[in-house]
Amino acid sequence: MLNAPIALREVDAATWDQAANTAQPFVRHQFLQLMEQHGNIIANYGWQPVHQRASDSFAPCYLKSHSWGEFVFDFAWAQSYEHYGLRYYPKLLVASPLTPIPGPRLLCPNDEARRSMAQQLIETASQLQTSSVHINFVTVDDQQALQSAGYLVRRDLHFCWRNRDYASFEDFLAQLRRSRRKNIRRERKKLADHGLDIRVIEGRAATREELDAMFQFYCRTFERKLNQPMLERQWFYQAADLGAVIILAYHNDQAIAGAWYFRDAERLYGRYWGATEDIPGLHFELCYYQGIEYAIKHSLQAFDPGVQGGRHKHPRGFEPRITSSCHYIVDAPFCRAIADSIKRENQYIEQQHEHWRRASPFIDS
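Mapping of the sequence shown onto the numbering used here: residues 6 to 370, in sequence order.
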């Protein structure tokens with residue numbers, strides 16, 4: 006029986022969100038729809054939505070013709086396929102687009118439904134004649150269901166800040182080793198000497214001018230990296246209502262930098278950043294320290310600033326944790342080869358996790 010893909014418009018938003026069962030915005034109906042409407046998550050950009058449904062379960066799926074925007078890197082696998090004259094793309098991806106944040110991917114009510122969806126994805130890959138299925142940044146429940154269905158589990162490191170019931174930023178600093186505490190204070194003092202005005206804006210209260218400024222900062226970051234921005238201006242206008250927090254830096258009443266976050270009842274999530282002036286320490290202030298201050302002020306449990314940059318995040322109080330993605334490789338010989346590669350990679354990740362854990366910047370570690 007053909008597992009026909011569904012469009013988001015064919016599903017009642019409340020039904021989808023009930024299946025997602027998460028306070029995170031990233032797999033909720035409105036967020037995913039906004040990514041398709043104004044985030045260029047469409048076939049012309051290599052993201053063809055082919056969402057799956059089984060009874061009261063869903064999975065946000067995309068037929069991918071490349072591996073950009075996923076933050077779980079499989080370019081070497083694609084090159085190996087090409088070397089042997091095989092086709093790696095298209096592949097089937099289950100993820101929140103452009104979102105390197107762990108969360109539910111199999112939007113199912115129980116373990117049995119997750120196992121069923123894991124198998125349905127394999128069947129869909131066969132029907133669509135894809136090389137593989139990839140589910141990125143999964144939860145433990147999803148991982149168990151996928152692993153039992155024969156998916157490979159790949160590890161990576163993610164650095165997050167944890168709120169230990171801090172009363173203030175100074176309270177947080179007091180828990181760091183002296184050298185780390187001293188460095189952060191020095192960084193913030195140097196930046197304060199520039200006389201910047203830092204403004205924290207809840208998304209729903211943001212003006213069109215503030216949202217336009219943030220959009221320009223976002224575009225500038227991509228232009229500096231010679232990449233094409235995926236999100237349209239309208240995305241910022243509408244995403245502001247989905248739990249966004251915007252932190253802008255002003256100089257002489259002119260916005261010169263900004264950071265875009267999302268939040269839910271428990272966590273803060275770093276998303277985008279950009280600046281028109283290169284001021285030392287400005288990135289750390291807007292993307293790390295202001296996020297920590299916001300999380301403390303609003304009694305949030307954690308702050309996830311996004312992927313990569315461990316050598317900058319770790320000494321500033323962001324602790325390592327292991328994340329997982331799951332992969333089903335259709336071609337048996339390639340599956341065995343990739344499984345061997347993943348095994349070695351996972352061992353390295355475990356070693357790195359232990360290294361960072363032992364080198365904790367906190368006094369009590």
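A couple of the hints might just be wrong.
[Stated by the list, open to error] Have a look at the derived ranges for each label pair, beta carbon to beta carbon:
| id | residue 1 | residue 2 | range |
| --- | --- | --- | --- |
| 1 | Asp258 | Arg182 | 32 to 40 angstroms |
| 2 | Gly200 | Cys340 | 22 to 30 angstroms |
| 3 | His317 | Pro114 | 38 to 46 angstroms |
| 4 | Gln313 | Gly200 | 30 to 38 angstroms |
| 5 | Gly155 | Arg193 | 48 to 56 angstroms |
[Said to hold, decoys possible] Simulated pairs of lysine to aspartate or glutamate, EDC-like, Cα-Cα distance not exceeding 20 angstroms:
| id | residue 1 | residue 2 |
| --- | --- | --- |
| 6 | Lys194 | Glu282 |
| 7 | Lys230 | Glu175 |
| 8 | Lys302 | Asp217 |
| 9 | Lys302 | Glu175 |
| 10 | Lys302 | Asp198 |
| 11 | Lys195 | Asp283 |
| 12 | Lys348 | Asp79 |
| 13 | Lys195 | Glu207 |
Hints are computed from structural coordinates only; laboratory data are not their basis. From a predicted model like this one, the values you see are computed outputs, not experimental measurements. By construction, the Cβ of each residue, glycine as well, lies at the ideal position given by its N, Cα and C atoms.
Verification of the supplied hints:
For the pair Asp258 and Arg182, the supplied restraint of 32 to 40 angstroms holds, since their beta-carbon distance comes to about 39 angstroms. Restraint check, Gly200 to Cys340: a C-beta distance of roughly 58 angstroms breaks the suggested window 22 to 30 angstroms. The hint said 38 to 46 angstroms for the Cβ distance between His317 and Pro114, and at roughly 40 angstroms that hint holds. For the pair Gln313 and Gly200, the supplied restraint of 30 to 38 angstroms holds, since their beta-carbon distance comes to about 31 angstroms.
Evaluation of the 48 to 56 angstroms hint for Gly155 and Arg193 yields a pass: the beta carbon distance comes to about 50 angstroms. Our distance criterion of 20 angstroms between C-alpha atoms is met by Lys194 and Glu282, whose separation comes to about 18 angstroms. The hinted pair formed by Lys230 and Glu175 fails the criterion: a straight-line CA distance of about 35 angstroms is larger than 20 angstroms. In summary, the hint linking Lys302 to Asp217 is not supported, as the alpha carbons are separated by about 27 angstroms, beyond the 20 angstroms threshold.
At roughly 12 angstroms between alpha-carbon atoms, Lys302 and Glu175 fall within 20 angstroms of each other, so this suggested pair holds. Only pairs whose Cα atoms come within 20 angstroms are accepted, and Lys302 paired with Asp198 is rejected, the gap being roughly 24 angstroms. A threshold of 20 angstroms between alpha carbons decides the hint, and for Lys195 with Asp283 the separation of about 14 angstroms falls inside it, so the pair holds. Proposed proximity of Lys348 and Asp79 is supported: the alpha carbons are some 15 angstroms apart, at most 20 angstroms.
Between the alpha carbons of Lys195 and Glu207 the distance comes to roughly 27 angstroms, so the proposed pair goes past 20 angstroms and is violated.
Figure legend: structure checked against the earlier numbered hints; hints not met, in rising order: 2, 7, 8, 10 and 13.
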